[in-house]
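K.L.:
Residue numbers (this note's numbering), protein chains in the order written: chain A, 1 to 759; chain B, 1 to 759.
Some hints could be false.
Facing chain A, according to a computed beta carbon distance under 7 angstroms, are these residues of chain B, among others [as the list claims (entries may be wrong)]:
1. Gly71
2. Lys224
3. Tyr453
4. Pro567
5. Phe577
6. Ser671
Simulated restraints on C-beta separations [stated by the list, open to error]:
7. A:Thr270 x B:Cys689: 42 to 50 angstroms
8. A:Asp119 x B:Ile13: 38 to 46 angstroms
9. A:Gln86 x B:Ile13: 35 to 43 angstroms
10. B:Lys224 x A:Lys61: 40 to 48 angstroms
11. B:Leu681 x A:Pro34: 36 to 44 angstroms
12. B:Gly64 x A:Leu681: 32 to 40 angstroms
13. B:Asn543 x A:Lys294: 56 to 64 angstroms
14. A:Glu547 x B:Ile13: 47 to 55 angstroms
15. A:Thr270 x B:Lys83: 37 to 45 angstroms
Think of the hints as simulated: they come from the structure by calculation, not from any bench. We put the CB at the ideal spot given by N, CA and C, even for glycine.
2 protein chains.
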Amino acid sequence: MEAQYNIIGKSIIRTDSLSKVTGRAEYTADLKLPRMLHAKVLRSPYPHARILNIDVSKALKLPGVKAVVTGADTYGVRWGVFKYTQDHTMLAIDKVRYVGEDVAGVAAIDQETAMEALDLIKVDYEPLPAVFDPEEAMKEGAPLIHEQYPNNINIHVHIETGDVDEAFARSDLIREDTFQAAGEAYATLEPYAVVASYANGYLDLWMPNAGPHVRAKALANLLKMPLNRVRVRHINIGGHFGSRSEVSPGDLVTALLSIKTGRPVKLVLTREENATATRQIHDIKATIKTGVKKDGTILAKEFRVIYDGGAYSSTGPIATSIPYYVYEEAYRFQNVRYDGYRVITNKGIRGMYGCHGRAFLCGNEMQLDIIAHELGMDPMEIRLKNGIKVGEETATKSLIISGGLEEPIKQAAERAKWQEKRPKMGDGRGIGMGCVAVMCGFPMGFRSGSACYVRINDDGQATIVTGIVDTGMGNESMAVQVASEVLGIPVEEINVVNANTEVTNLDPGAYSQAAAFVGCNAVKRACEEAKRQILAIASEKMNIPAEDLDLQDRMVISKSDPSKSMPMRWIVREAFFRGTPIAATGAYIPKIDFQREWVKRPFGQMAGTFSFGCSVAEVNVDKETGRIHIPRIVAAHDCGNPINTMAVEGQIEGSVVQAGVGAIMEENRWSEGWLLNPDFLEYKVPLACDMPEIEPVIVRSFDPEGPFGAKEGGLTVRMNAYSAVACAAHQALGITLKEFPLTPDRVFKAIEAAKKEGG
Amino acid sequence: MEAQYNIIGKSIIRTDSLSKVTGRAEYTADLKLPRMLHAKVLRSPYPHARILNIDVSKALKLPGVKAVVTGADTYGVRWGVFKYTQDHTMLAIDKVRYVGEDVAGVAAIDQETAMEALDLIKVDYEPLPAVFDPEEAMKEGAPLIHEQYPNNINIHVHIETGDVDEAFARSDLIREDTFQAAGEAYATLEPYAVVASYANGYLDLWMPNAGPHVRAKALANLLKMPLNRVRVRHINIGGHFGSRSEVSPGDLVTALLSIKTGRPVKLVLTREENATATRQIHDIKATIKTGVKKDGTILAKEFRVIYDGGAYSSTGPIATSIPYYVYEEAYRFQNVRYDGYRVITNKGIRGMYGCHGRAFLCGNEMQLDIIAHELGMDPMEIRLKNGIKVGEETATKSLIISGGLEEPIKQAAERAKWQEKRPKMGDGRGIGMGCVAVMCGFPMGFRSGSACYVRINDDGQATIVTGIVDTGMGNESMAVQVASEVLGIPVEEINVVNANTEVTNLDPGAYSQAAAFVGCNAVKRACEEAKRQILAIASEKMNIPAEDLDLQDRMVISKSDPSKSMPMRWIVREAFFRGTPIAATGAYIPKIDFQREWVKRPFGQMAGTFSFGCSVAEVNVDKETGRIHIPRIVAAHDCGNPINTMAVEGQIEGSVVQAGVGAIMEENRWSEGWLLNPDFLEYKVPLACDMPEIEPVIVRSFDPEGPFGAKEGGLTVRMNAYSAVACAAHQALGITLKEFPLTPDRVFKAIEAAKKEGG
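The following block holds chain A by itself, in its conformation from the complex (with noise of 0.2 angstroms):
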């Protein structure tokens, strides 16, 4: 039930783009403050060392220097998502886990001086013995990195339904692959940042951040102040992708110097840092077993994924749930058993990331290509067979209520001419699918929803007040539109306070797509709510029944009669006048009964609706040197009803090149614990060299929930593109790729082997 919209689904320019392609747009590092001061901090050198003594007199003498802060001046909190992986001081107090911890704090003057203390801060370690490997760590008489998981298993997730063992013994087919993938950085291009201004008994914070309210709460606890103390304030962000989920050590560090000294401090971290120090992704190894019958119908799933989790619990429990969930919501079944293992290695710190398991991911699509080719069948066949369809439930009794796979996977096909094309490729060259749903918002207890509060000024232009963040994606100019759309006034005449604790109301962050789907149903709340007042106004002055009346192109006029209209102002006016000014709060929260201890008993309606998606991708590698090129990749993603059709686009668009591109290349590289390519000239991110022609295929679908229709817009792709790629070099290869990423080596290796076999 689509209606004829204003504004929803045209291609607006989005309103911050204006000031970040003329390079005005201001970030976190670019801000100045009166009597700011400079942060630097010491780092661990070490994997794994008990902290003996930290001398910091001499750093103090240094002129210039301000402040000094160590473990020792934090109140000992550990952050953590759940009590049970608090684990986290920010601050090294009796140890620390890895190269590159944060040891101590400086501020001074300014960068320079900053950097010389550090060298004047004496730290005596006492090194211990480390482990980097996951399945390492699990062995007993590993080292112990925290005496609180023991066989350094961190979490363990365990989710069974329906009779697994049963269904293996009546399926046709089973298969069983182990599939590993190396972790990525979130190569974000802005180096994470902060400025504290603690004055009053206020704390200021600026930093690119997804998630305001949840980074104020953190930052409250670990500082045992008030929450409404702690004031998170908006600011640019130059990029996400997941890095910038939590509370971070820069952020305490920037704090208590703030505190200590009285005066603001900002912190930069360099290149370097922000690939050691902030969160990494999780490295994964994947056991997947899949029993099916002999039409392709999936009766089992069983899985062993161990994730490698570095050195703190971090965002720890959602990655380690949510690959399965986005696995069980694009394809139906109902035997399954997963068992994910989150392991502590002395490693940077792995936390969020907008793709979470690809790898994974990428592994359930491998294998099932495989075993379609088994079956004789053709690798969307199988797809469409398992895909599932609205009003389906998923395993764990999610009820899918738009979208389903079928319409992008034949949108990507037709696209892509899979049914041309497929059977002519092979001998270096390759078409490959993958498909994903993901969930919009997520379970967050009562953080789950937001909430928006709209005013009109005298001139009869709207603010909306959202805790909505836009982490670079479009957010907030996609509340303007939802706002315009309602009120009948152009974008240019709104305004957006947004990603200010202060001010805004609780939002779940821009995590899983909330913003479109759970902050824009609360702006359009809203806003309904000030037409509604300002309809009842209007009727009385114009004697017109309300529901004869609308608003539009800034006019409230009458639906059965345009020509009787009357400025929208006026009644603002009158409105202000009569002592009611046009005000009205707006708020959303998703139908979600998931369980709240979801990492323990994971049932229940884990979402408010789902996106779906499939990329084709094309790819030719090169036998003699394993690199492969990707020509083309065609992504469709069912966002509903898209609120910007150019911002849809380009988020697709970022995808294919983030997932399906990084494929090929992207990973971090260690040894014994130290990060070896934490720089962008050592760390591969696609260049425009590596571009493949994208084709960005929106399916539209109308979420009865959504607002207007809108789910989010280009996750799938970020997550399934990785997959599609893959799937295409094994239909090029004709041989079964399971170390990701597609890097050169690897794939060599993978022929060689084959050949070897094969030979």
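Chain B: place on chain A using the hints.
P.N.:
Just chain B now, with coordinates in the frame of chain A:
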């Protein structure tokens, strides 16, 4: 009907006190923004001249100069309160009309470069005849300063009611006197400063200003920008007293420079510029004719008042009528004719004043003392007889709903030992009394009201978003106190977001004491609605009717059985869960039916309510030198039910200093259009050595409309302490003093003149 309150009426430390006394509070001049430029203004050296040409080419060539703006860069929009007083382009276009007028603005990389650039701007002037005395300016043949004001009469306010001539005819005693008073400086400790930052089509502004919404609207008009693109932001304000009421040339200059350069621009006026090129206070000459019955009852009043307006209209319409209104609000009379003329002269612009027409009031009070003397009455007795009472109407039909003049007179007299001391005084020692009433809130059309948005965070702490602006009197604190009372949470757990035109709703600003009466009523209503939402959910959770529930100490408690309680935070979280966060809007607009074209038809309810006050001063006059010494001032002020007792006392004390002590020293001195004393060496403000013993007396009433019965705190004293000192000097000397302020030279001359008359 006073109730018992938890926090209302308590003397709490203001939320801004700590930062101000420790020097941490940031003012506009402290702001630093990335890439910020510094501005300087080229000013007119002539009181009246035609601009033939402005050549900025050399200035633009100076390295470090980024932009120059002149009148040609404006849109030629003229600012003024009413259409017919719009006469000020803020940057001179055709003519300059006073010494110090803004001719050109320069933005450069630092102040020194900007100052150097000023010297490189070549302006060709053709000097014109100037006129400095308003009565000279009104004469035929005087130089015409603005084409549209014949005889340089800018504004003529005529108010007439009753039968004035008949009333004089039946008077037993008629007295006519002419009083004259020099204008004063606002003498704000903070020189005026502006930071403007234009980016992305939005203009952000910080400046000390008493009415952010009014300021934003004026600038939007001057810049022809949509209102939502001009955002006036919160900043501390170092003194107001009326001087920060209106849009200022510096605002426009800085904004234009920022728009031209795309960079933030800061302008900080020097002490001298602050005195000459921001607003000043009107010189007044008032002829007052009063007719009374034998028993002292005032029968008729006739006024002819000339206001020296300086070069432009400014807020002249207000300044030309308010002195009359605050007089009629204090005393009962039916027959009155008031003619107020505001005359343009070639001097600095005169604007709003917290103590509008102080000298006019002083003249009235002096004359009343003379009349009392002639009738053989005590000055207190004649004031008690004529003082307006609750339930009565002013001459122009404003109803008095609380307070009245009697209590302040009685309480001040009692504390000052009037009955005991008055008869003993004379011969160099005197005691005098001054009375006045002031409006709380002000007829500003739909801008007379205020609205507040309140939200409660997930820890149960509140943020109030209110238009209330704090120009140094503690308004923010007061709003917090009101919210604390309603919500049952401590003041430390309430944040205020205010004086920010983007996010707050319309508010009249800190004019006419609207903050307590209007703004806090809105805060109260918003919090009451939030409380209603909380109790509704609590009622359900606790199974207790909402009527039996209350909020206290962060808890919801049963009034009938206080053992039944629940933390308010739980309810707030439950509300988030339900998708209905606790958030509410409340608004208040005073019940004003004053005619909007109020200069022309000035009748009806002028304000929501009125405050009343009486000051009693003791003086000693040195007859040899004319120097007055003030040992003691008692000031009684009816503030309704005080919100913050200490803050009201502070306001009373400050007002005594400004008006009572200022009455013997403060004046602007002029010569041929040049201000002779633009700095604190030459302009005398009261110092510690000048301080009398001050006794603030809070007169309590309970205003039926005010929030918790409150009205405003202290303004009456800022008007009547001046009169009290003058009346005391009158008793001390036994001669009528008609020229103010009562500097030693004026007093000495009056003594000499009286000697001559006597001799």
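K.L.:
For every hint, state whether the structure bears it out.
P.N.:
Hints versus structure:
1. Gly71: Since chain A brings no Cβ nearer than about 26 angstroms to Gly71 of chain B, farther than 7 angstroms, the hint is violated.
2. Lys224: violated, 13 angstroms
3. Tyr453: holds, 6 angstroms
4. Pro567: violated, 14 angstroms
5. Phe577: This interface hint holds because 5 angstroms falls under the 7 angstroms limit.
6. Ser671: With Cβ-Cβ at 40 angstroms, over 7 angstroms, it is violated.
7. A:Thr270 x B:Cys689: 42 to 50 angstroms: violated, 58 angstroms
8. A:Asp119 x B:Ile13: 38 to 46 angstroms: Holds, since Asp119 of chain A and Ile13 of chain B (Cβ atoms, about 44 angstroms apart) stay within the stated range.
9. A:Gln86 x B:Ile13: 35 to 43 angstroms: holds, 37 angstroms
10. B:Lys224 x A:Lys61: 40 to 48 angstroms: violated, 58 angstroms
11. B:Leu681 x A:Pro34: 36 to 44 angstroms: With Cβ atoms ~29 angstroms apart, the hint is violated.
12. B:Gly64 x A:Leu681: 32 to 40 angstroms: holds, 37 angstroms
13. B:Asn543 x A:Lys294: 56 to 64 angstroms: holds, 60 angstroms
14. A:Glu547 x B:Ile13: 47 to 55 angstroms: Holds: the Cβ-Cβ distance is about 54 angstroms, inside 47 to 55 angstroms.
15. A:Thr270 x B:Lys83: 37 to 45 angstroms: With a Cβ separation near 60 angstroms, Thr270 of chain A and Lys83 of chain B fall outside 37 to 45 angstroms, so the hint is violated.
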